[in-house]
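Undergrad: Produce the complete structure using the sequences and hints provided.
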Amino acid sequence: MDDTWETVEGLHAWLDAHSPAHGPFPPQQKALLRVLKLSEEVGEVAEAIIGTIGQNPRKGTTHTWQDVESELCDVIITAMVALRTLTPDAARVFEANLARVAARGAPPAADPEQ
398 MDDTWETVEG
408 LHAWLDAHSP
418 AHGPFPPQQK
428 ALLRVLKLSE
438 EVGEVAEAII
448 GTIGQNPRKG
458 TTHTWQDVES
468 ELCDVIITAM
478 VALRTLTPDA
488 ARVFEANLAR
498 VAARGAPPAA
508 DPEQ
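The sequence shown runs contiguously to residue 511 in our numbering.
Mixed in with the good hints there might be a few duds.
[Said to hold, decoys possible] Derived SDA-like pairs (lysine to any residue); straight-line CA-CA distance at most 20 Å: (1) Lys427 to Leu480; (2) Lys434 to Ile473; (3) Lys456 to Lys434.
[Unchecked claim] So the derived label-pair ranges between C-beta atoms look like this: (4) Val498 to Asn453: 31 to 39 Å; (5) Ser436 to Glu492: 22 to 30 Å; (6) Leu429 to Asp486: 17 to 25 Å; (7) Gly407 to Ala443: 25 to 33 Å; (8) Leu495 to Glu466: 15 to 23 Å; (9) Pro485 to Leu433: 14 to 22 Å; (10) Ala443 to Ala493: 28 to 36 Å.
It should be emphasised that the hints constitute simulated quantities derived from the structure, not laboratory data.
For clarity, every value in this text was computed on a predicted model and none was experimentally measured.
Note that CB positions come from ideal geometry on N, CA and C, so glycine has one too.
TA: This is the structure:
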């Protein structure tokens with residue numbers, strides 16, 4: 398496990414120990430809430446983009462592109478923790494899916510017969 402997934406494991410453990418969802422909710426509902434948290438984080442990305450371009454005339458420019466970068470990182474971290482909540486083998490699941498997506502986008506291998 399690399400440092401990133403060790404950090405995710407630590408965040409997962411901390412949330413399990415300190416989240417209000419830890420007590421009254423069953424594990425399946427806790428997992429569902431962590432997945433739903435992604436919607437909140439994606440909304441914050443949208444808010445930052447809108448604030449960067451000053452789309453809301455009442456508010457004007459309220460964010461920077463660094464804010465957008467930070468919010469995107471929050472989405473990634475939240476997704477990683479949610480994945481870890483669903484499976485203790487999150488790193489392997491992620492790597493397998495990343496390889497699958499990368500292969501889809503890779504150019505076809507050259508035909509040695511040509």
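Undergrad: Would you mind marking each hint as holding or not holding in the structure?
TA: Against the structure, the hints come out as follows:
1. Under the criterion of a C-alpha separation no larger than 20 Å, the hint pairing Lys427 with Leu480 is consistent with the structure, at around 12 Å.
2. Taking the CA atoms of Lys434 and Ile473, the gap is near 11 Å; set against the 20 Å cutoff, the hint holds.
3. Between Lys456 and Lys434 the alpha-carbon distance is near 26 Å, which puts this suggested pair outside the 20 Å criterion.
4. The hint said 31 to 39 Å for the Cβ distance between Val498 and Asn453, and at roughly 34 Å that hint holds.
5. Separation of Ser436 from Glu492 is about 25 Å and conforms to the stated range, judged on CB atoms against 22 to 30 Å.
6. In this structure the supplied range 17 to 25 Å holds for Leu429 paired with Asp486, their Cβ-Cβ distance being about 19 Å.
7. Checking the proposed 25 to 33 Å range against Gly407 and Ala443 shows it holds: the Cβ atoms sit about 29 Å from each other.
8. Remark: the range hint 15 to 23 Å for Leu495 to Glu466 is upheld by a beta-carbon distance near 20 Å.
9. About 21 Å separates the C-beta atoms of Pro485 and Leu433, a value consistent with the hinted range of 14 to 22 Å.
10. Hint check: Ala443 to Ala493, Cβ distance near 30 Å, so the stated range 28 to 36 Å holds.
Hint 3 from the earlier list is the only one contradicted by this structure; the remaining hints agree with it.
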